[in-house]
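> Listed below, chain by chain, are the residues.
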Amino acid sequence: MDINREAGSRNGKNLNAFSDEELIADLQQTNNERAFEILVQRYKNPLTNYVFRFLGDFDACTDVVQETMIKFYRYKNNYSNVAKFSTWIYTIAGNLARTEYRRRKRRSFISINDYGEDHKVFDIPDESYRPDVMTDSGIKDEIIQKALLKVKEVFREVVILRDIQGMSYEEIVKITGLNEGTVKSRINRGRAKLQKLLKDIYKE
Amino acid sequence: MNDDEKKYNEVIKTLKGLQKLKAPPNFEADLKRKLNAEKSVKEEKRKIKRFFTPSRLVPSFGLAAAAIVIFLMVNTNSEEADNPFLMEPKIREDVVLVSDKNESVIPEDNLNEKSDLVEKDVFADKKNSGVRTEKLLKERSSDNDLLAGREFSPSESTLTAETEITTTDEVSAPLATGIAIRKSGLNFRQVYHTKEEKKKILELKKKFQILKKIEKLE
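One line per chain: the protein sequences are U and Z, in this order. Counting from 43, one number per residue, gives the positions in the first sequence under our numbering. Counting from 356, one number per residue, gives the positions in the second sequence under our numbering.
All clues stand as given, with none of them false.
Listed below are the simulated SDA-like cross-link pairs for lysine to any residue, each with C-alpha atoms no more than 20 Å apart in a straight line:
id	chain 1	residue 1	chain 2	residue 2
1	U	K182	Z	K371
2	U	K216	U	T129
3	Z	K368	U	N230
Worth flagging that the hints you see were computed from the coordinates, not collected in a lab.
So that you can see chain U by itself, here it is in the shape it has in the complex:
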């Protein structure tokens, strides 16, 4: 990696000033690992935020983001300049997050249903939520996160992309592969559900 860094500066390139698309083009052409490093640095935090809000588990979220970066590196030559790099990498992360969420949901559903005789579905108490330790903003965040996880998967994804990640409808359309009308409808339905869930916070 250090050799590549030196090589990058020797060629008179300031890779940090490059756009995402330029960096991936450099990575595709010269296999410059410095370009990969810069892209990882740029996207690791936004992707962590997006995946965590969707999954609600930090460890799983880290694994998913790392897997996203590995897939990006492995299939770097599959990227074409037609789409924005951010759209491409968010699509990979979204697909992996969805897969992980479904896997976890299936696993917890099976394990809970196996417990007891009358096959009732139980809620698991969250031990990590400790109001005595957390700050006010922390508590609020926790409540919002819990409310988000209660929103349906399809609505949650688009709400996070629009209201937390601040993406345009056009970008969301490209990431999700849905049409704009469906995206807007899903965002509104997700917001409505959240408003209902968070009404107590607004009263305060």
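For chain U, the structure is supplied; the task is to place chain Z on it using the hints.
Coordinates of chain Z only, in the frame set by chain U:
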């Protein structure tokens, strides 16, 4: 801001106000480790795949085939594999085992010496057997004379000197083998009469002849 966004303004504000999460500090190190592990696995797979590709296997197969051909050629030309028609016959161990000290295999060094000895032995055997057969034939002829009252000549006998039952214990084997085979080693029964038994037989024969003469006179 459109109507929908105005409607859900509070929710949007709440969501935008959420704390921005950051990746863990060891994120890049872990990623690098995972990538290297993946690369090494890929490299191993590629090596295995490359090793078993036909283009790689052709030279090694060719080399192995050439080695086999050379080995076979060298092996067939070696001194060990002689022409079977020029080979000396091997001594059969089973024959040697049943033989006694006189019948033992003659070592190559003393072959000529021993073969002379064997020849002498065989000659002596034949001589002895000739004498014995003559004796036996005489005895038989005398017996026959007694029984039939006619002359017996050895030439009239159906038994030749060679095929005659010999009283010798040994039968000479062909000279080429250099081995004498004993009769005792052969699988047939030998009956020997004692002198008393022979006397009894002669007495019985005499009685039988007297009875026959009486019958004729009557």
